[in-house]
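S.K.: The primary structure of each chain is shown beneath.
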Amino acid sequence: MDIDWAALGQVFGVSLLATVALVGVFTLGIVGGSRRSDGTAGVAAKAGSYLAYAVCAAAVAFGIYTIAA
Amino acid sequence: MEHFTLLIGIVIVTALVFDFTNGFHDTANAMATTISTGAMKPKPAVAMSAVLNLVGAFLSVEVATTISKGIIDEASGIRPEVIFAGLVGAILWNLLTWLGGIPSSSSMALIGGLVGATVAAVGIGAIHLDALIGKIILPAFAAPVVAGLAALFATKLTYRLARKADTERTGNGYRAGQITSAALVSLAHGTNDAQKTMGVMTLALITGGVIAPDADPPLWVIASAGLAIALGTYLGGWRIIRTMGRGLTDIHPPQGFAAQTSSAVTILASSHLGFSLSTTQVCSGSVMGSGYGRKGGVVRWNTAYRMFAAWGLTIPAAGLVAAVAALLAQQGDWGVTVVAVLFIAASAAIWAASRRQVVDHTNVNDPDDDAGQADVVTDAVHSVSPPPAGAVAATDPADDDPARQRAASTV
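As given, the protein sequences belong to chains X and F, one line each in that order.
Residues in the first sequence are numbered from 5 upward in steps of one, following this note's numbering.
Residues in the second sequence are numbered from 480 upward in steps of one, following this note's numbering.
Hints were generated in silico from the structure; no laboratory data involved.
Backbone N, C-alpha and C fix where the C-beta goes; we use that ideal spot for every residue, glycine too.
Hints should not be assumed to be uniformly reliable.
[Said to hold, decoys possible] Simulated DEER-style distance windows between Cβ atoms:
hint, chain 1, residue 1, chain 2, residue 2, range
1, F, Asn651, X, Tyr69, 19 to 29 Å
2, X, Tyr69, F, Leu806, 45 to 55 Å
3, X, Ala61, F, Ala610, 34 to 44 Å
4, F, Ile616, X, Tyr69, 27 to 37 Å
5, X, Ala61, F, Lys520, 19 to 29 Å
6, X, Ala11, F, Gly488, 36 to 46 Å
7, X, Leu21, F, Ile823, 47 to 57 Å
8, F, Arg835, X, Ala72, 42 to 52 Å
9, F, Ala827, X, Lys50, 57 to 67 Å
10, X, Ala48, F, Phe620, 41 to 51 Å
11, X, Thr70, F, Ile616, 21 to 31 Å
Make the full structure from the sequences, and use the hints.
M.R.: Spelled out as structure tokens, the structure:
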């Protein structure tokens, strides 16, 4: 039986962590960039939001790289 | 090209037909939640997915030389008739599950068809059973669990982080996130699944002696496989999109985003780390996981059990049809002709049955009125009878799921 448990465990761990991290970071980006119901957004919140989007863009670029490689 | 016989031509065409059904079967994987949450309109969504599938087909230079992942001993006398029979089994199962609106793995159907045809033509000895279990059966159990848990936690997290934010303002963000992750899933699908067809076509050309055994697929093979899968994707398996986007659970934008991200990450991680999981099973698992991630979210287990049953049946059913087809096709030219005629007749019958209750881009977001059905067979029968969609879902006495009735009453 050639079940590659190590690879399965690795896929499980990476998928779980990467999904939760990416979704978390992206949500922070959304929230940071949108908290304007009182009229203003803090500069820090804006900057943090762009940073979060940058991290996500990098992750997408890495994703495309893994597809092409 | 002197060895390019009629039979090889038939195999190539059949492989492209399989590729086409693969495309429209799997449109749902990338686009179901994007469409059901309204992040994209149905037509632009499938158009984008189709283009990315086509791009994906050309993207990778690493060609899957063994389509069967070492499950079938390809040196043991696989002939074009056997590949033809395997494709026939896989296509018919794809069409039948499409008629029932069931997300099932096209790759699994292909493996099932090839396994069945090989067993009938060569014998059980040509199948590596341990590889079949280790590389297909076990991942089928693992995929929904892995992607589902990731989607569950991600959904909980995103709801928690955004709980104070204005949903009006976060809407655009979630939309962009969904479209991006759906694009990644489409791209990965084009790369993986179009290559499987290229592998089949190349195998047929090799067994027919048209190209050398270790040759790369010719450019026309790559181009035609990419076009076939893109065309299938564009036409869209709307029935399956409806099941995945509406039938399994009610998806809101944050859930759609979490589910799509989980699908994209799991698919890329699995193909990158060498434990390949079926796209369909990953995406179904993500959708279900995200269903439980939202407070008050429900998963319609009726639909889910129907889907699981179809997954369990995929290899035996595609295999059985392929085995019968292989026995016939081996009888010579008349056998191949009989298989081809029966195959076209069966496909036409399934298509005709689908016209009795059309699901397309105009009504894909209506409630999934098949959700109360018990199994594949009754579902197929149900699809043949022509009920008015909304009214039946609302009044169906077997349907006691409150969320479902809510959804139906909003039509």
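S.K.: Compare the structure with each hint and give your call.
M.R.: Status of the hints after comparison with the structure:
no.: 1; hint: F:Asn651 / X:Tyr69: 19 to 29 Å; verdict: holds (27 Å)
no.: 2; hint: X:Tyr69 / F:Leu806: 45 to 55 Å; verdict: holds (46 Å)
no.: 3; hint: X:Ala61 / F:Ala610: 34 to 44 Å; verdict: holds (39 Å)
no.: 4; hint: F:Ile616 / X:Tyr69: 27 to 37 Å; verdict: holds (31 Å)
no.: 5; hint: X:Ala61 / F:Lys520: 19 to 29 Å; verdict: holds (25 Å)
no.: 6; hint: X:Ala11 / F:Gly488: 36 to 46 Å; verdict: holds (39 Å)
no.: 7; hint: X:Leu21 / F:Ile823: 47 to 57 Å; verdict: holds (49 Å)
no.: 8; hint: F:Arg835 / X:Ala72: 42 to 52 Å; verdict: holds (43 Å)
no.: 9; hint: F:Ala827 / X:Lys50: 57 to 67 Å; verdict: holds (59 Å)
no.: 10; hint: X:Ala48 / F:Phe620: 41 to 51 Å; verdict: holds (46 Å)
no.: 11; hint: X:Thr70 / F:Ile616: 21 to 31 Å; verdict: holds (26 Å)
Going down the numbered hints, you'll see the structure goes against none, and every one checks out.
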